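Peer 1: The primary structure of each chain is shown beneath.
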Amino acid sequence: GAVVSQHPSRVICKSGTSVKIECRSLDFQATTMFWYRQFPKQSLMLMATSNEGSKATYEQGVEKDKFLINHASLTLSTLTVTSAHPEDSSFYICSAPASTSRNTIYFGEGSWLTVV
Amino acid sequence: QKEVEQDPGPLSVPEGAIVSLNCTYSNSAFQYFMWYRQYSRKGPELLMYTYSSGNKEDGRFTAQVDKSSKYISLFIRDSQPSDSATYLCAMSYGGATNKLIFGTGTLLAVQP
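Chains Z and W, in that order, are what the protein sequence lines are.
Residue numbers for the first sequence, in my numbering: 1 to 116.
Residue numbers for the second sequence, in my numbering: 1 to 112.
Chain Z with its partners taken away, still in its complex shape (with noise of 0.2 Å):
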């Protein structure tokens, strides 16, 4: 099963919107999570690192203030998408990774947004 729950799975929402998406650690801590965006027939591409109980780290080019990341406890970290605009639209996906192996990271099953 999995090991890094995200949620929503799909969300389509209306231009001015803020949008929530939440990534999980199932039975085990990640103190660390990453954030990645991939449009269609492109790549992941990392836009930000989320470490527990401080802020997160954003990769060059992403909006800070846009993409509001919040790591509070050791299995959760979210982002929320503000104001979204139609060019937001993206497939979302976190991955964390396990605290047992250090070569080990596991990858949500990813969020698709729409903006409309």
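Hints listed in this document are in silico derivations from the structure and should not be mistaken for laboratory results.
Keep in mind that this is a model prediction, so the values were computed, not measured.
Keep in mind that the hints are not guaranteed to be accurate.
DEER-style ranges, computed between Cβ atoms [what the hints assert, rightly or not]:
1. Z:Leu-26 - W:Ser-53: 30 to 40 Å
2. W:Ser-26 - Z:Gln-42: 16 to 26 Å
3. W:Glu-3 - Z:Glu-109: 19 to 29 Å
4. W:Arg-60 - Z:Ala-72: 22 to 32 Å
Heads up, the beta-carbon is just placed ideally off N, CA and C, and yes, glycines get one too.
Using the hints provided, position chain W relative to the given structure of chain Z.
Peer 2: Okay, now just chain W, sitting in the frame of chain Z:
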């Protein structure tokens, strides 16, 4: 120039064929190399992970790394229709659990 280059395909092969997927990279600081499989509209699944130059085999899959040429490959033997997916190479500076830099992915279709 992108840090990681990967032919997007699509690549179509008959069932039973040997498939060769490749990536090149520009930054010699990459130390860890991974191959992921992604089915449509799903999160990627780790197939192979390698650290040093050379070959690593796991069942029908063989990962090959040539650091001197900055070139990595994934070979799939006896390909099956269920292998049809997008294959992504990924690289990391500081370990497989560090942030990953992905290739664009190669779409593979294995025809029955």
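Peer 1: For this structure, which hints from the list above don't hold up?
Peer 2: 4
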